[in-house]
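Protein chains in written order, with the working numbering: chain A, 1 to 395; chain B, 1 to 127.
Bear in mind the hints are in silico, worked out from the structure with no lab data behind them. Certain hints may be false.
Mimicking BS3-like on lysine-lysine, the simulated pairs with C-alpha atoms at most 30 Å apart in a straight line are [to be verified]: (1) A:Lys-282 <-> B:Lys-38; (2) B:Lys-71 <-> A:Lys-100; (3) A:Lys-277 <-> A:Lys-391.
Ranges between beta-carbon positions, derived for each pair [stated by the list, open to error]: (4) B:Gly-97 <-> A:Thr-328: 25 to 33 Å; (5) B:Lys-10 <-> A:Glu-90: 51 to 59 Å; (6) A:Val-86 <-> B:Cys-46: 34 to 42 Å; (7) B:Gly-97 <-> A:Lys-309: 36 to 44 Å; (8) B:Thr-111 <-> A:Glu-60: 44 to 52 Å; (9) B:Thr-111 <-> A:Met-1: 51 to 59 Å; (10) A:Gly-358 <-> B:Thr-111: 34 to 42 Å; (11) A:Gln-103 <-> B:Arg-4: 20 to 28 Å.
Backbone N, C-alpha and C fix where the C-beta goes; we use that ideal spot for every residue, glycine too.
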Amino acid sequence: MQLTKEQERMLAGDYGEVVERNFRLLVRLGEIYGADRMIPVGSVQVAGVSYKSIGDPGLEFLEDLAGKGARVKVPTTLNPPGMDLVDWKELGFPEDFAEKQLQIMNAFKRMGIMMTATCTPYLVGNLPSFGEHIAWSESSAVSFANSVIGARTNREGGPSALAAALCGVTPNYGLHLDKNRKPGFLVKVNAKLRSNSDFGALGYHVGKIVKDKVPYFKGVKDADVDQLKALGAAMAASGAVALYHVEGLTPEASMMDTNGLETIEIGEKELREAYGKLNTGKDPDIIILGCPHASLKEIATLAHKLGGKRLRKPLWICTSRVTKEAATRMGFTELIERAGGKVVADTCTVVSPIERMGFKTTGVDSGKAANYLPGFCKQAVVFNNIDELLKKVLA
Amino acid sequence: MRGRMISPGKARGEAIVSKSPIGFYGGIDPKTGVVIEKGHELEGQCVKDKILVFPQGKGSTVGSYVIYGLKKNGMAPAAIVNQETETIVATGVILAGIPCVDGIDIERIKTGNRLVVDADNATVEFK
Numbered sequence: 001m002q003l004t005k006e007q008e009r010m011l012a013g014d015y016g017e018v019v020e021r022n023f024r025l026l027v028r029l030g031e032i033y034g035a036d037r038m039i040p041v042g043s044v045q046v047a048g049v050s051y052k053s054i055g056d057p058g059l060e061f062l063e064d065l066a067g068k069g070a071r072v073k074v075p076t077t078l079n080p081p082g083m084d085l086v087d088w089k090e091l092g093f094p095e096d097f098a099e100k101q102l103q104i105m106n107a108f109k110r111m112g113i114m115m116t117a118t119c120t121p122y123l124v125g126n127l128p129s130f131g132e133h134i135a136w137s138e139s140s141a142v143s144f145a146n147s148v149i150g151a152r153t154n155r156e157g158g159p160s161a162l163a164a165a166l167c168g169v170t171p172n173y174g175l176h177l178d179k180n181r182k183p184g185f186l187v188k189v190n191a192k193l194r195s196n197s198d199f200g201a202l203g204y205h206v207g208k209i210v211k212d213k214v215p216y217f218k219g220v221k222d223a224d225v226d227q228l229k230a231l232g233a234a235m236a237a238s239g240a241v242a243l244y245h246v247e248g249l250t251p252e253a254s255m256m257d258t259n260g261l262e263t264i265e266i267g268e269k270e271l272r273e274a275y276g277k278l279n280t281g282k283d284p285d286i287i288i289l290g291c292p293h294a295s296l297k298e299i300a301t302l303a304h305k306l307g308g309k310r311l312r313k314p315l316w317i318c319t320s321r322v323t324k325e326a327a328t329r330m331g332f333t334e335l336i337e338r339a340g341g342k343v344v345a346d347t348c349t350v351v352s353p354i355e356r357m358g359f360k361t362t363g364v365d366s367g368k369a370a371n372y373l374p375g376f377c378k379q380a381v382v383f384n385n386i387d388e389l390l391k392k393v394l395a
Numbered sequence: 001m002r003g004r005m006i007s008p009g010k011a012r013g014e015a016i017v018s019k020s021p022i023g024f025y026g027g028i029d030p031k032t033g034v035v036i037e038k039g040h041e042l043e044g045q046c047v048k049d050k051i052l053v054f055p056q057g058k059g060s061t062v063g064s065y066v067i068y069g070l071k072k073n074g075m076a077p078a079a080i081v082n083q084e085t086e087t088i089v090a091t092g093v094i095l096a097g098i099p100c101v102d103g104i105d106i107e108r109i110k111t112g113n114r115l116v117v118d119a120d121n122a123t124v125e126f127k
């Protein structure tokens, strides 16, 4: 790999141990994947924030970096931690967990990382432009940035994204190159997609089949940003999809050739099968929405559905602090709370310790959450659209 | 069998083979080394000190930390052999110092086979 004079000095340790160690990881990744050089990145999204996900080894790793004076060189935003950073006590998050989580947040802050605490950085100010090179982790955000925006990032692991932030560059391989952004599968959709959960079920099914390849969707007539967010998140969880194209909807789709691609047909039957696989429970103890983090529009929709009603079971909608602030200003938070629900900021279903909070069955409308909850939160899952979920818990 | 070195080192041990991809985050418990993904073909099995063989990674980008955590907790596999290692797994094994080779025809390996992985020379041999 061709390194600049300055980059050779980074590798030689002229900029200190932190830069040397992190740049070495990037060079190694570049060598493995055949990068010709390093390229500057416009922004970084760092995953691996919840104490539940990274544990004491992760905490020590981050504190060591912060203690040695690590500072990010490009705008860097942060994934959700394992609790609401303001209302954690009231929501019942365990004290011992909170203490460790706050230590992790402090380490990130000392490195100069923006404490956005969301998996939807593109909704709170970290919005790349078409064709911009970035180094993001958080599989759902990677998928959104590549597919819906047309920015360019590989699926970075938490530490490789952090290394890119500390060095300001990433190796030039994979999805940074035109040739790797071409589709590997044609997905023909012959089913009506009505809700976020329909897009989640479709994504779950397709991710399992295409694994890390690029799917090209035909027959998806209409999808709003929230539905594309749901589709990409589910494919990134059940497979390793980092980029997808949708004919007529995503920016690079019209540049792609779909001749001769292996074809997957999706009808109502396949969609129902995906619902069947994701449903492992019957009566939810709690409904958790907002995976990935809810947009203002999604919170507004829920608020209007709950207006004047009463919930028999807890309901959370997870979102970023920034979005919650706007929702509160609009009166949406109050509508949801009056029905007995909560707008939970910062954290999300998947990374919070809900299994320690007395919940055994969770209702979700997210294909990603439905995929992860059984393994990581020991939950039985009820997976359906919001209206069906609400039927189960409204008085 | 010769492949590509992802992370250096040598290890020997018993193979545990998954024909389907592994997502480490939510897939393997970093405290016990046990596969916890519901319905996964290795569900309930422990990867500690084994040669973990699978086609490729999948799922969350937090997987790198889980691999690092497995090592710190003493629950890591002795080595990892893939068909194709993606960035998440590569970052994890490099940080954790777990020998890893990819570009191997994993169809030829069965659970229980004794393997010698020499990542420095990018080879995997039956013993």
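Quick rundown of the hints versus the structure:
no. : hint                                : verdict
1   : A:Lys-282 <-> B:Lys-38              : holds, 17 Å
2   : B:Lys-71 <-> A:Lys-100              : holds, 20 Å
3   : A:Lys-277 <-> A:Lys-391             : holds, 21 Å
4   : B:Gly-97 <-> A:Thr-328: 25 to 33 Å  : violated, 47 Å
5   : B:Lys-10 <-> A:Glu-90: 51 to 59 Å   : holds, 53 Å
6   : A:Val-86 <-> B:Cys-46: 34 to 42 Å   : holds, 39 Å
7   : B:Gly-97 <-> A:Lys-309: 36 to 44 Å  : violated, 55 Å
8   : B:Thr-111 <-> A:Glu-60: 44 to 52 Å  : violated, 34 Å
9   : B:Thr-111 <-> A:Met-1: 51 to 59 Å   : violated, 37 Å
10  : A:Gly-358 <-> B:Thr-111: 34 to 42 Å : holds, 38 Å
11  : A:Gln-103 <-> B:Arg-4: 20 to 28 Å   : violated, 38 Å
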